[in-house]
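Enquirer: Now for the letters of each chain:
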Amino acid sequence: MTLTEVAAQAKPQSKRARGSALGPALAVPGIIWLLLFFLAPLYVVLAIVFGRTDPIFRTAVPVWNPLQWNPSQFNYVLSRIVGDNGIFGPALLRTAIYVLLAGLLCLLLAFPVAYYTARLSGRWKGLLLAALIAPFWISYMMRMLAWVNLLQDDGLVNRLFSLGGVFDVRTHWLTGQPVVVVLGLVYGYVAYMILPLYAGLDRLPQSTLEAARDLGASRFASFWRVTLPMCRPTIVAAVLLTCLPMLGDYFTSDMLSASPKTAMVGNLINDSVQSPGQTGQAGALVMLVLLVAVVPMFYYVRVTTRGDVAS
Amino acid sequence: MAVPNRPSPSRRQFLLRAALLAGGTPALMAFLDACATGDQTSSSAPSMKVASPDKPVTWDIAKDNAPIADGLAPEKAATLQLYTYADYVSPDAIKSFQEKYGTTVQVSTFNDTDEAITKIRAGSVDYDVFFPSYDQIGKLVNGSLLRPLNHSYVPNIKNVWPVFTNPFYDQQWRYTTPYTVYTTGIGWNNTVVPADIGALANPYESLWDPAYKNKTAVIDDWHTAMSMVLLKLGITDVNTSSAADLKSVGEQLTALVAATSPKVTITMYTDVPTGQIGLTQMWSGDIINAQNYLPEGATAEVLRYWFPTDGRGLVDNDLMVILRGGKNPVLSHLFINHMLETESAKQNFKQIGYQPPQVSMSPDSLVSDGFVAENIKTAIVRPEYYDVGYRILELEPDNDAAWHNVWRAFKAGGS
Amino acid sequence: MRGPVAWWNDPWRPPRFLVAVTFGYLAWSLIPVLIAVLFSFNDGRSRTVWQGFSTRWYFGDPVKSVWHDAALHTALLQTLKLGVITTLITVPLGVMFAIGIDRWRGRLPAGANLLMLVSFVLPEVLLAVALLFVVTSLPLPIKLGTSAQVLGLVTFQIAYPAVLVRARLATIGTQYEEAAQDLGASPIAALRRVTLPMLLPAIFASTVLVFADVIDDFVLVRYLSGNSSTEPVSVKIYNTARAAPTPALNALATLLLFAALLAITVGYLVYRRMTRGDNAAAGGIAAFAGEA
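Protein chains in written order, with numbering that gives the first Met the number 0: chain A, 0 to 310; chain B, 0 to 414; chain C, 0 to 291.
One or more of the hints may lead you astray.
Claimed, not checked - The list that follows gives simulated cross-link-like pairs (lysine-lysine, BS3-like), each with its CA atoms no further than 25 Å apart: (1) B:Lys349 <-> B:Lys75; (2) C:Lys63 <-> B:Lys99; (3) B:Lys326 <-> B:Lys349; (4) B:Lys345 <-> B:Lys48; (5) B:Lys349 <-> C:Lys142; (6) B:Lys345 <-> C:Lys142; (7) B:Lys326 <-> B:Lys345; (8) B:Lys94 <-> B:Lys54; (9) B:Lys62 <-> B:Lys349; (10) B:Lys94 <-> B:Lys75; (11) B:Lys94 <-> B:Lys345; (12) B:Lys94 <-> C:Lys142; (13) C:Lys63 <-> C:Lys80; (14) B:Lys326 <-> B:Lys99; (15) B:Lys326 <-> C:Lys142.
As the list claims (entries may be wrong) - Listed next, the stretches of chain C that the computed footprint assigns to chain A, with coverage defined by at least 3 CB atoms under 8 Å from CB atoms of chain A: (16) 17 to 26; (17) 57 to 67; (18) 141 to 148; (19) 152 to 166; (20) 192 to 200; (21) 237 to 244.
To be verified - Now the in silico label distances, taken between C-beta atoms and shown as ranges: (22) C:Leu139 <-> B:Arg323: 37 to 47 Å; (23) C:Leu139 <-> A:Pro228: 31 to 41 Å; (24) A:Leu126 <-> B:Asp195: 37 to 47 Å; (25) A:Asp53 <-> C:Leu139: 55 to 65 Å.
Derived by calculation from the structure, the hints in this document are not laboratory data. Every residue gets a Cβ at the ideal spot worked out from N, C-alpha and C, and that includes glycine.
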């Protein structure tokens, strides 16, 4: 036992006890802020969803007393999801599909890139990492705008496909093409997946992977049966970290395809919020997205706070 | 990362809790339903005067909302706040106003009128001059959002068509002055769509023609787009409250998405000249403005516009109003007066494409004066159109809700 | 010489597939940006057809260039204002929160931690709509505009420094602070003189990252903006992109890009100096980005 440990054990309890008041004191401002500006607004959303609408202007009037809440707007939204009146259903389904597809594509793209950068890039590691982080510092709007230009009928993408005049490609990329919207989502969010994957892959013990190869596994087998299972928590966390924010995206569809064919739930919310009579319904959709996202969020938190080995 | 003191839930517990949450929500809703008590029985909607050409309206001026006094000096060191569509006020006209009165002007933009009025009603903004259409006037006046005009500051009213000193939507022009007049027809780019759409029996139908798939667009405004669908069906009451009519509109919109997958936007004036949009519902001002956005090497020859020659199509005019929440009422009046001046109106016309209802600018001289190219002279607005044309009016709240529901179903891509 | 088949099957070969994917991704990610920067120097008004080199959109054009167009100035100023104010509030709040939660045991801090992580992952539009409702429904002294935007941004970003600092605290451990307390320091002094200096790299990294994130934010600032003087560059780009964009927009975004690059480079160099000789902070850019 070192001297410090002995001294620590012999210390009177009072100093430790006093020290423990510091923690709460420091955390309290942050907690109050989150309560005031994160939790309380969610209650205001509830008050508006279950509130009334002004008869002339049809703007939303919040009702604060839960006993006077009127669930008609919430029921309206719920009843319009499936069935004859299912006007919201297709958009919700479409959002789920786009987000899943985009998440999968992001993973397929981000994993090799993160793996290479973390483990195999040697002296290029720093530079590669800088290039991978670069998208965070470049205005998202500017990157999307760059793509809008490239995808115009007379833009570079069509010119590239035309191979300098060999073919005449004039595909209309910007008129309601789901492929373009999904790829737009991938383009915007893949950078958010690469960094956590990089962090997790960086910490994999090289010795374990080498042991697998030494014991006779082929490259593919050692990847599939050793590497992947070891970084499963990292993958789950990275996928959640990327896909959950995607649920609220509306500007990608707006900029890359101003068409109702690719409307996502974010578009529904955005269109309804400022529309007279539909504000409460927008709030109801907000609540729905929140409920749908909360389950994976709790799962994510469980994964990251279980003291998992990889992070 | 710190491990919480209690063991985290096992997978079974976690799934159980999630299931409880999912299952409990309808029960919670039923509970709330049962508990909900008063305030659902609001009395029948307080009456709101809805103006129409047959029933002209004179708005009241509330006692606490009197117009400003005569002969006041303009506010010093002020910033006049305009609230309008993007690219809807010419920078040169603003500049000349700034120089004349030594003030600054700031322009804020909105994408559609619903959003604009919601923001104004919320009360957190201090815009001075607002540019709505008259289908919002009832809401604006009833919500006490407007400042009545003091006519002594706006002598240039004599420059505009006489009808606007006593329009049906605001008799005795207590709150509004006209800004631009326009029609809503079909515009197309001749190189992308070589056919003469105007020669068809029902030109509106061309938007449903699968031959033009991915090349079409409709205006991102619920009333304008849905009115066009009604006209396509031959229904001339573009403010209908018939549920059957609205249902047909909904079905036609669904068919539209399936047939040509149109964009829903207001960028026609930049996209038609470049050919990005081939065929679209279009405001007359946009096709004239498109002359300013032609790509290098292209001429106005490619632009085309159709509007019923007998004037039986959608006609409209936009207004300038002064908002009560603004801090510069005198400057607002002076700005309105400035925009009604013939010189500024001409500058405005050149730069935004929308025709001002100026008495001195006869529709027949606009082509020879160089404002409008020969092949889009169908976009020029004539006063006669207003005798027979169909106007988009303000709707009663219930009807308004029904229309908005159809539009929202369309925008949600429900199919 | 080996034949091509042997070259392909060489057991010591570099991971060609991975290299191809990585560089392909980098090209796909960065080339559109480079093209956008290139067109900001375009001579004509087109953003798709190259018409010659000129700096007219930066300061040449007397009406529409960034230098002369007041609306673009205000957007730039607003962006920087939001960035600075938000960072100044977020970083201290987040750092204190992280240290406090770390030192506190119990259900309440675990719940607060959960709340913070949830705010990290929530889609931004949900928070934006909720705050919009708050500002427009409650008779608060806060109106739409810069103050509302700052409130929203701080709430959205507070998780960033909190997570980074907590990770760093976990790496450092409690031994140094306990040693200081054993040697007679009060808890506050131990915090101030031992822990905080060790946390400085993480604090600094989170400052730079929060700033970069805020100047790029779109959803929150758009919902909570008042009139056009409170619309930052991202909202300007969005509004103008749906109307009639000129290369002046590219020029504006390029200027912002260079400002961000400058901030990050300076920050990284300062970080390197600060962590000279500090093994726990080694790891270069990775540690700077909080991923070590």
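Enquirer: The structure should be examined with respect to each hint, and the outcome stated for every one.
Expert: Hint check results:
1. B:Lys349 <-> B:Lys75: Cα-Cα ~30 Å, so violated.
2. C:Lys63 <-> B:Lys99: 22 Å, holds
3. B:Lys326 <-> B:Lys349: Since the Cα atoms of Lys326 (chain B) and Lys349 (chain B) sit roughly 30 Å apart, the hinted pair is violated (cutoff 25 Å).
4. B:Lys345 <-> B:Lys48: 35 Å, violated
5. B:Lys349 <-> C:Lys142: Distance ~37 Å between Lys349 (chain B) and Lys142 (chain C) Cα, so the pair is violated.
6. B:Lys345 <-> C:Lys142: Violated - the C-alpha atoms of Lys142 (chain C) and Lys345 (chain B) are around 38 Å apart, more than 25 Å.
7. B:Lys326 <-> B:Lys345: Measuring from Cα to Cα gives roughly 28 Å; hence the hint is violated.
8. B:Lys94 <-> B:Lys54: Violated - the C-alpha atoms of Lys54 (chain B) and Lys94 (chain B) are around 40 Å apart, more than 25 Å.
9. B:Lys62 <-> B:Lys349: Given pair Lys62 (chain B), Lys349 (chain B) is violated - Cα atoms ~41 Å apart, limit 25 Å.
10. B:Lys94 <-> B:Lys75: 17 Å, holds
11. B:Lys94 <-> B:Lys345: The given pair, whose Cα atoms are some 14 Å apart, holds under the 25 Å limit.
12. B:Lys94 <-> C:Lys142: This hinted pair is violated, its Cα atoms lying about 30 Å apart.
13. C:Lys63 <-> C:Lys80: 23 Å, holds
14. B:Lys326 <-> B:Lys99: 19 Å, holds
15. B:Lys326 <-> C:Lys142: Holds. Lys326 (chain B) to Lys142 (chain C) sits at ~16 Å (cutoff 25 Å).
16. 17 to 26: Satisfied; 6 residues make the cut.
17. 57 to 67: violated (count 0)
18. 141 to 148: violated (count 0)
19. 152 to 166: holds (count 4)
20. 192 to 200: As far as the stretch 192 to 200 of chain C goes, the hint is violated, because 0 residues have Cβ atoms under 8 Å from chain A.
21. 237 to 244: holds (count 4)
22. C:Leu139 <-> B:Arg323: 37 to 47 Å: 21 Å, violated
23. C:Leu139 <-> A:Pro228: 31 to 41 Å: 51 Å, violated
24. A:Leu126 <-> B:Asp195: 37 to 47 Å: Violated: the Cβ-Cβ distance is about 59 Å, outside 37 to 47 Å.
25. A:Asp53 <-> C:Leu139: 55 to 65 Å: 20 Å, violated
The structure is inconsistent with the numbered hints 1, 3, 4, 5, 6, 7, 8, 9, 12, 17, 18, 20, 22, 23, 24 and 25, although it conforms to all the rest.
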